[in-house]
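*Asks:* So you can see what is in the structure, the chains are spelled out below.
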Amino acid sequence: MTNVWVFGDDVNTDEIIPGRYNVTTDEQELAQHAFYEVCPEFSEQAQTGDIIVAGKNFGCGSSREHAPIAIKGSKVKAVIARSYARIFYRNAINIGLPILEVPDLINVTSDDIIEVSFDTGEVTVNGRKYHASRLPPFIRRIIESGGIVEFLRNHDISELENAP
Amino acid sequence: MGTLTEEILTNKLGREVHSGDIIITDVDYVMSHDTTTPLIINALDALNKGPWNPDKAVVVFDHIVPAPSIKAAMLQKKVKSFVNQSNISNFYQEGVCHQIMVEKHFALPGAVIVGADSHSCTHGAVGAFSTGMGSTDVAVAYATGKTWLKVPETIQLLTEGKFAEGVYPKDLILEMVRRVGADGATYRALEYTGETAQNMSVEERMTLTSMAVEMGAKAGMVQADKITMEYTGGQGNPIHPVNPKYQQTLEFQAEDIVPKIAAPHRVDNVHDIDQFTDLNVDQVFLGTCTNGRLSDLEVAAKILKGQKIHPETRMVVVPASQSVLKEAYLRGYIDIFTEAGAVVPNPGCGPCIGRHQGVLAPEEVALTTMNRNFQGRMGSPEAEIYLGSPATIAYSAIKGKIADPREVQV
Ligand code: SF4
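Protein sequence lines, in the order shown, are assigned to chains A and B. 104 is the number that the numbering used here gives to position 104 of the first sequence; each next residue is one higher, with no gaps. 283 is the number that the numbering used here gives to position 283 of the second sequence; each next residue is one higher, with no gaps.
Source of the hints: derived by calculation from the structure; they are not laboratory data. Built from N, CA and C at the ideal position, the CB exists for glycine as well. Check each hint, because a few of them may be wrong.
To be verified - Covered stretches of chain A (chain B as the covering partner; in silico rule of three or more C-beta atoms under 8 Å from a C-beta of chain B): (1) 4 to 14; (2) 21 to 30; (3) 49 to 63; (4) 73 to 86; (5) 91 to 99; (6) 139 to 152.
To be verified - Below 25 Å or equal to it, Euclidean Cα-Cα: the simulated PhoX-like pairs (lysine-lysine) are: (7) Lys72(A) to Lys104(B); (8) Lys71(B) to Lys72(A); (9) Lys326(B) to Lys104(B).
Excised from the complex, chain B in its bound form (with noise of 0.2 Å):
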C-alpha cells in the first residue's frame, strides 16, 4: 500500500516500504553525459571500479556537442576512451539525454533510474521513479548497481479540465512551480494526477515531470496507463499507487490556467503573460528537454506558417533528438522554421546552458521554452531569461515581444 514512488519501490526490494525509509536499491540504469561523466571516471578511478554492467549504462553527449574549444573536446575525448574501454555500447549523441533515455525506451514503467543530471526526473513520465544525483553518487550506483535513497513523501499534483485554446502543458507547470515554490518540494516525490494529466501524451507529461526538480522534488511521475504502454510498445510494468497517503494535494483546474511567464531570475517568479506583453525580445529559443519534442514544434510551425520572425529578434529551434529532428523536416516544420528566419542547429541541450548556439550579451532579454531562467545560465549574468511555452515563444518571435497566443489561431 503506498504512493507510486512507494509501490514502485516495494516491487524493486522484494518487500515493503515506507516513506522514511532508508533503503540500498537496485537501479535499472545509470545515465550519464558529456559533462557530469568526467567526474564519474574520477571517482571511478579512485574506486577502482569500472561499471558493474555496462549495458545498464547510458552515455549520452548532448550539452555542448559537437564541442565548440578545445578543452570541451579534452573532455569528451576522456569521456569517449572511457566508454570504449568499459564497453558500453549505450552511447549516443543524437539529442538531450533525457529524451534518448524515454525515446529509446531505457526509462520504462516500473523502472527505477539514476542520472547524473538534475532533470533525470523528467523520465518519471513514464511511471518510472527516476532521479538526478551528483557524479559521486552516479559513480557510486555505476560501480555496484546500487544507490542509497530515502523513500520520499509525495506531494500530488491533481489537475482537472481541459486547457482553453493556446494555452499549454508548460502553462500549467510554471503555475504549479509558482504554487509549491522553488524549495516546496525538496526531498519529496511529485505525482501528477487528475484527467488533465491522463490525456496528455508522454511528450506533453514529459513537460510536467522534467520541471519537478524545479520545485525542489526527487521525482515527478506521471502513473503508467494505456497511453504509456501504447508508447512504450507494452514494455515495462506499469505500477500504481494504492491508497497512497500524500503528504499534500494541490488542486488545479485546467480551464482556469493562462498562459504563464517565468521572469527573471527565478523559476517561482511566475505571472500571467499580461505583465509581460511588449516586452522587447533579443531572443526566442524552442527546445531543451521541457519542450524540444515534436508536439512542441508542431504547436510553434503552425503559428509561424507563412510568417516572419521580427527583425531584431533571432530565433533557435533545437530540436530534444535527431528523431524528433527527423519527422519535424518530414512534416515541413524546419521549411517553416528556416523560411520564417529561425536558425536550426543539431539536436541536444543547445543554448539551454550558455555554452553555444545562441549566448547572450549584456542587458539581452531571451524568452525561451527552458526550464531555468537563473542569471548567467544563457550567457551573460546582465540578460535576462523569460520561460514561456512554444506557442508563446512562436508568437512573440513574430512581434518581437512578448505576445499572448491566445491572439492566433491555430
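In isolation and in its complexed conformation, chain A is listed as follows (with noise of 0.2 Å):
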C-alpha cells in the first residue's frame, strides 16, 4: 500500500531534517529523523515507494544535502511539489532524488490515489491529470546519468551547456 504523505508550503530543511542530526553523512541515519519535528509518524512509517506532496517553496533554507539525503533514505518512489526552493531543486537533481515540479496540484490529501511516471511527467491524482514542469535538456541529462556525480564520470562538465 502506497503512502501519501501530505505537507503544506515553505517546508524548510530545518523541518525535513533538523540541524541537530547533521552530525552524519548516512542515509539511512538520516531518514530516521526525517520530518521529525513536523510529521514524526513518517520516519517509522514510510516505506519504500511512498509518494511525498508538497505545496510552495519546499525545501527552503539551509543549503544542506542532508535534507534531499534523509528523504532519499527514506526510500520514497517521488516528491512531488507546487515549487522548490532553488538550492533543495539542485540538490535533488545532483543526488539523484525523483522529484517532480506540479505547479497547479492542489487539495491533495492522505487518502488520494497518486500514479507518477517519470518517462511523461504526467501525474495522477484520483483519475485526474496532472503535467509537471517540463526539465530543462541539461537537467534531463544529470538526471539520466543518475546525479552530476555520474553524469562527470564520463563527461566533461562543458558538455552541459549544450545539450541537446
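Build the complex: two chains, separate frames, hints provided.
*Replies:* Following this line, the structure appears as C-alpha cells:
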C-alpha cells in the first residue's frame, strides 16, 4: 500500500532534517530523523514506494544536502511539489532524488490515489491528470546519468551547456 | 548591457550573457565549512578528484567549533585531514565562514563565488556574485573550478532616505523580507540600490545581503563603490550595472521604517515591534553572519553600558570573527557585555543552529539577531525564536522582554 505524505507550503530544511541531526552523512541514519518535528510518524512508517506531496517552496532554508539525502534514505518513490526552493531543487537533482514540480497541484489528501510517470511527467490524482514542469535538457542529462557525479565520471562539465 | 549579475557574468565569460541563459562559468573561490565539507569529500571521492586548485578553496570551521561531541569531532577530523592532504592553505577556525570570506578579501568586487552554505549570498555586499549551493554542486566546483548556472533575473530593492534614531539595516531587511515573501525572489538575484544602501558601510550591507536567501534569492548584491574599494584596499573589479532591466522594482523609504520583529516560525512573519513589546524573553543572542560584526556589537555595547541584563534573561554574544572579538575587546565592548552579565563564547556560528552555546528548552522564547526563526533551529521545536536588530535585542536583554530601542538614547 502506497502512503501519500502531504505537506503544506514553505517546508524548510530544518523541518526536513533538524540541524542537530546533521552530524552524519549516512543516508539511513538521516532518514530516521526525516520530518522528525513536523511529522514524527514519517520516519517510523514511511516505506519504499511512498509519495511525498507538498505545496510551494519545498526545501527552503539552509543549503544542507542532508535534507534530500534524508528523504532519499526513506525510499520514497517521488517528491511532488508545486514549487521548490532553488538550492534544494539542485541538490535533489544532483543526488538523484526523484522530484517533480507540478505548479497547479492542489487539495491533495493522504487518502488520494496517486500515480506518477517520470517518462511523461504525468501525475494522476484520483484519475485527474496533471503535468509536471518540463525540465531543461541539461537537467534531464544529469538525471539520466543518475546524478551529477555519475555524469562527470564520463563527461566534461562543459558538455552540459549545449546538452541536446 | 545588463544588471549587476549579467555584467559580472558577462565579464567572467568574456561574452555577453542575459538572464535565462544557462552557462558554465569559472569560479574565483569555492568555500565550505565543517558541516558541509564531509559530503563534499564523499562526492570528490566518488569523482576520484581533488580540488582543481587548492589555493582557490577556502575551508572554515565555524558551525560547531570547538567540537561539542565525539561525532562532530570525528567529522572535523575527517575534514582536517582532507584539508591537509589537498594542500588547502586557506583553512580557518576563527569565525563565521562568510565573515572570513569578506574580511580576508577572498570575496572581492566582480568575483564569482560558490559556497556550500545558503548564506553565501552575504559576499554580495562587496559587489561579488556569490551563491549558496549544496555539497555535490560545490564538490563539482571544487573538482573542476566551474559551475553551471541559469543567469537569474533581478529584483531591485531601492531605498532612499535616512533611518530614524533606533532603526537599523536589520529593520529594513526584515521589512524587505515581509514584502517580498519567503519565496518571492526564488531563482532571482536581488540588487540593493538607492541612497540608503549607498551610504551604508560594507558591514551594514552584509546585513542586507546575508538575508537575500530568506526571500529565496540566488544572490544579493550591492554594487561596488568608493566605500567598497576602500574596504578591499583597492582590490577587485568594481563592475556596475549598465542600463539594467529589472524584473521588478520595490521601493522603500528609510524614514518610514520602524524597529521590526520577525515572529515564529517564518522569517517573513514580520511586524512592527509594538505588537510584541512586553513579551518575556528567556534568551537573547547577538551574533551570526547577519549581525555579529563590530558595528553591531558597538550598538549593543552603547545600550548595555553600565546596565545589567534582566535576571530572568540570559544573553549570549558571539562575535562574527576573531578580529571582531579583538577589536571589540580593545574598545571595551567585551567588558561592557560581561559586566552586564552576558556570556561571550568563541567566534563562530554560536547557538545559531541549536547545537551548542545556548540551546533552547521547550517553551522558551529567544530574541536574536539571526536570519532565520525556523521551528527547532535553536534547540527544542517547542521553543520560539523572534528576530530583531542588535539594538532591539540589547535593550530587550535589560528589560527581560521585547522592548523598543527608540526608548533609549545612545
Ligand atoms: S551564523 Fe548562522 S546563518 Fe550564518 S553561517 Fe553560521 S549557522 Fe549559518
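*Asks:* Holds or violated: the segment 49 to 63 of chain A covered by chain B, criterion of 3 or more residues with Cβ-Cβ distance under 8 Å?
*Replies:* holds (count 6)
*Asks:* Against chain B, does the segment 21 to 30 of chain A show at least 3 residues with beta-carbon separation below 8 Å?
*Replies:* Held - the segment 21 to 30 of chain A has 4 residues with a Cβ nearer than 8 Å to chain B, which meets the minimum of three.
*Asks:* Next pair to validate is Lys71(B) with Lys72(A); report whether the Cα-Cα distance is within 25 Å.
*Replies:* Measuring from Cα to Cα gives roughly 22 Å; hence the hint holds.
*Asks:* Counting residues of the segment 139 to 152 of chain A that have a beta-carbon nearer than 8 Å to any beta-carbon of chain B, does the count reach 3?
*Replies:* holds (count 4)
*Asks:* Quick one: see if chain B covers the segment 91 to 99 of chain A, three-plus residues with Cβ-Cβ under 8 Å.
*Replies:* It holds, with 3 qualifying residues against the three required.
*Asks:* Is Lys326(B) close enough to Lys104(B), meaning Cα to Cα at most 25 Å?
*Replies:* Given pair Lys326(B), Lys104(B) holds - Cα atoms ~15 Å apart, limit 25 Å.
*Asks:* Holds or violated: the segment 4 to 14 of chain A covered by chain B, criterion of 3 or more residues with Cβ-Cβ distance under 8 Å?
*Replies:* holds (count 3)
*Asks:* Tell me if chain B covers the segment 73 to 86 of chain A under the three-residue, 8 Å CB rule, please?
*Replies:* holds (count 3)
*Asks:* Run the distance test for Lys72(A) versus Lys104(B): straight-line Cα separation, threshold 25 Å.
*Replies:* Measuring from Cα to Cα gives roughly 38 Å; hence the hint is violated.
Hint compliance for this structure: hint 7 alone is broken.
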